[in-house]
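Visitor: Residues per chain, in single letters:
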Amino acid sequence: MEEMHVLLRNKGKINPEDAGSYISAGGYEGLKKALKMTTEEIIDVVRESKLRGRGGAGFPTYKKIQFALNDAEPKYVVCNADEGEPGTNKDRILLSSDPCSIFEGMAIIGKAIGAHIGYIYMRAEYSYLVPILESALKTSREHGCLGENIMGSGFDFDIKLRSGAGAYVCGEETALFESIEGKRGEPRYRPPFPGVKGLFGKPTILNNVETLANIGPIFMNGADWFRSIGTEGSSGTKLFTVCGNVKRRGVFEFPMGINLKDLIYEVCGGLEEGRTLLAVQTGGASGAVINKDQIDVMLDIDHVSDSGGRLGCGTILVIDDSNCIVDIVRNNLDFFRDESCGKCTPCREGGTRLYELIDKLCQEKGNVKDLETIEDLAETMRLTALCGLGHSTAVPVLSSIQNFYEDYIKHIDKEGCPVCSQMGGKQA
Amino acid sequence: MMKEAFTNYKTPSSQLVKVAEIAAPYRDRPEMLMKVVTQVQKIVPAFTDSVAAVIAREMNISQTQVYSFVTFYAMLSVKPRGKYIVRMCKSAPCHVLGAKEIVREMESLLGIKMGETTEDRRFTLEYCPCLGICDISPAIMINDKTYGNLTAESVRSVIKRYIREDVE
Amino acid sequence: MIHITIDGERTSVPEGTTILEAAKLMNVHIPTLCHHEDQAIKAVCRICVVEVEGQIQLPTACNTPVSEGMVIKTASPKVIKARKNIMELILSRHTQDCLICSKNGTCELQSVASDLNMSRRNRYELEARNVEVDESSPSIVRDMTKCILCGRCVEVCTDVQGITVMDKENRGYHTLVVPPYGKSLVDTACVNCGQCVQVCPVGAISIHDNTDEVYSELEAGRKVVIQMAPSVRITLAESLGYDPGTVTTGKIVHALRKIGFYKVFDSDFSADLTIMEEGNELLQRLNGGETLPMITSCCPAWVKYCETYAPDHVSHLSTAKSPQQMFGSVIKTYFAEKEQLDPSEICSVSVMPCTAKKFECKRSEMNDSGYQDVDIVLTVQELAKMIRTAGIDFENISDSEFDQPFGLGSGAAQIFGATGGVMEAALRTVYEVVTNKTLDNLDFEDVRGFGGIREASVDLDGTVVKVAIAHGLKNAKIVLEQIKAGNCDYHFIEIMACPGGCIGGGGNAPKTWKKLEKRKEAIYREDKNLPIRKSHDNPYIKQIYEEFLGEPLGERSHKLLHTHYIDRSDLLR
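Protein chains in written order, with this note's numbering: chain A, 1 to 428; chain B, 429 to 596; chain C, 597 to 1169.
It is worth saying that the hints were derived from the structure and are not from the lab. Be a bit skeptical, because a hint or two may be false.
[Stated by the list, open to error] Derived pair list, reagent style SDA-like, types lysine to any residue, alpha-carbon separation capped at 25 Å: (1) K573(B) <-> V472(B); (2) K463(B) <-> R162(A); (3) K369(A) <-> E1113(C); (4) K463(B) <-> L129(A); (5) K588(B) <-> R162(A); (6) K369(A) <-> M714(C).
This is chain A alone, in the form it adopts within the complex:
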């Protein structure tokens, strides 16, 4: 199956550190068009494109822009480059291969809402990308594509780089703001929403790297072109990070709607010889765990949701039969308990309690009552936690219990799980 490179069009073809190279490949053309447009015209284009956020929630991008149409000043455009969802690499690929495409998207949104400053908040684990981004920013300014009076339009827009220091929760937009403000990355309650009160208490639009990288091409090629790609509800292409037990791992770009089974078996070459598929987790650790009978599904935002899964950031973790599903969920929970910020009760206490209970099952010390408690607690976290991290913790738990109930019962029946008896992980 042939990939379709919209976002990856420049990957390996241009020098990512040099805006001149990006411009030669047609870069900043979208911005040039947008600079001549009014706020309403820009929003119309984004609306007609039907672009939806690529960070996980799939929120219509034009609506987000509309939220910040108010009189407050200054306003900010923030790029969420805190890619922390386990198994997700797509933003790193964009940041390292085509950073100017991200700047272009930010500048267009800046123009729409009248923001003159953008921030890129990048996770500390990607600090080695900082020199590339700094150089791309510098050369973009030199080419008049960022800074004062962009392309002679009279519009000023510049971008500042900010780094995290190791906290998954900072990928949550309000936690990210707190971190940029020099505080612990703890999410804020909502409302007020960021469009009204965001970074430094000012109207802010935050988008994922991949969302922003789509905006330049939309303005260059038109909303109709973009809508012609993908499915009815999810237009455009999507970057899928396929990882885990497949032959070919990596980031692949396809139109929205590609079949999951095809992605695993056709694109990624299936599993290692002698192994069979146990499960797939879509959307990272905060995604649903589905079984091998559920993988014949179209990968777009709505179809995956309808089938009980979650497209999220487009991460596909393939899990073969050398693993145990309860152990995988334990691994997910280990991640969530480490990464809980500790601000709200359900996530702070619940995350660890869930881990302890699942661990108890793994050790074959659990009973049916424990399983009931796990479901009850996960549901409470989903209903009451302050932010998405707490809600998401429940997703792998509840979905795996639903789709792999027998596997849980086996651990309760003490049938001797070969993986869990080895304290988890792949067997030699």
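On the provided structure of chain A, position chains B and C as indicated by the hints.
Guide: Only chains B and C this time, still in chain A's reference frame:
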């Protein structure tokens, strides 16, 4: 955190002078704390009480605020860490591809457990969440260099190189 | 107006009203833990979740504004289940020693848990936060095994006092609220104000209890005398369940006698003494070209703050001791002499609205009588407990009078308890001393109130004296920064660490601004009703100067009633 976690390690005053130089331009700009600590981290092995006090004094914030901030973020530490911080991905993509084996190998080679620092303060072993390089899992990061597709043999040779020579 | 339905009943409320506020208007009680009416909305404990039609999740009532047509269920089975599950998580990290907890009976967690009928066995293993109890501070005890991480103490320490002695450490399950680097509270810049005690919903931060020491002294047979601070008579009854602002001076005096105190004295007397010394010091500074502005030194939390954060500016502090400490040295000298007692036979106790007074009495220089001037400080809260322990029927106990000669104070001394009171008291005396005229109107309205920083000018027969009042250390810091920058043209400044002054002190029953308003009204009412309203008119003040001290700022006064300050900036390292 229990009291014994705060070791007897004292930051030399020469380093404190440099810390003050880094922090001083950001007086009354608390939003620059992340920038300050990430720069300071490059010259000190730990955010000791004296480092936090100097940052606090220069930025006109409280020492407690600096401490609270540092203890929140996983890549910042109040305990001295090694010259080379070896971070092993703990997330599912590496987990399903044999991360445990890599951990066992590194622990036995360096004679320390995950979370510990060698006595000569050359190495610290830590778990970290997904490094975002799952195309080459299982993977580790040593300071800001990444190594992937690891096997017991290959991780051994990577670590050995760091034992033998200074890798910049 | 926004139209909503709460538990089946329709109503309309103004835009911007939260679900919690709207429910309250409908007389529906939604439980809360992290919420505090004087603080920012936190929405972290999640106990106030409610069900809103059309929403998948359960939003928290404290922060969610109502919207048009909202249908809210505040106590549906789904809501109750979620609340119980959250409470179960909280209780699984909370030491279950309610019966021996200082907050037993007044604990907000206990009350919400009781309302939620948490009768089933906790499904999780009890794992209280593993931190040793910190009793290092003479004023405050921290027991993080009881902390529910509501964040109230951090907010008050940061946003009201501006010092952030404690903040969160680590994250997730391992989050704690602690001083940095494993420090004990005594080794930090904590000023002992006890505002954190005031807001703590549980027993995680409490007053360092000294009641047992008092019982030991009473049992050992020393002459245990007690002085009672101006605001104690205003706030004590509240700790026993009375309405804010219920003044019970005579009942307290009687109760203290019943408990066994040898003499019951009124710190209003030594407040008058303070005015004599401090007022004359101000005049001396104004006339002699010495350091100005002069700042009051009655508040031990403020004094420690200044010593820690501005050691180069302690010369601005009046050298006059606080009323408590003046009384301490007078009791073990003048009183001992009069009673023909050896000072070593006297145990001098005070009851204060203040936790920092416990620190102040232990300052090593506070021994001008040759002994520790004040031996034990009790807070209002501790005395209230002693009254209950003694089984005293407070409602029906008769009034009793203070012992003389230290049982009389002026109205000026009485208002020491409110922010601006010391200033007003000083002005009443300074005006009359300087001008030789009688003040027509004793009420200096400009210096009263709860504005964070207030200023006024007083014309002393041609000399205009500019004064300012600040309460809450964040406000004090603003004034202090002006002094440091050299652009402060006040002559005299009153600073109190606690919002509202001593009636808002950390040793009282937990306060809100609403309650403070009542306490303030009561204290000015008391002043108005007193026959003597100026310190220099107090006949016993005249007597003590004649018989013993000589004159204000004289040699003996200087030795017994004045003090010096030390550099504590080391505490910031």
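Visitor: Against this structure, judge whether each hint is valid.
Guide: Against the structure, the hints:
no.: 1; hint: K573(B) <-> V472(B); result: holds, 19 Å
no.: 2; hint: K463(B) <-> R162(A); result: holds, 8 Å
no.: 3; hint: K369(A) <-> E1113(C); result: violated, 53 Å
no.: 4; hint: K463(B) <-> L129(A); result: holds, 16 Å
no.: 5; hint: K588(B) <-> R162(A); result: violated, 34 Å
no.: 6; hint: K369(A) <-> M714(C); result: holds, 19 Å
Of the hints listed earlier, those the structure fails to meet are numbers 3 and 5, in rising order.
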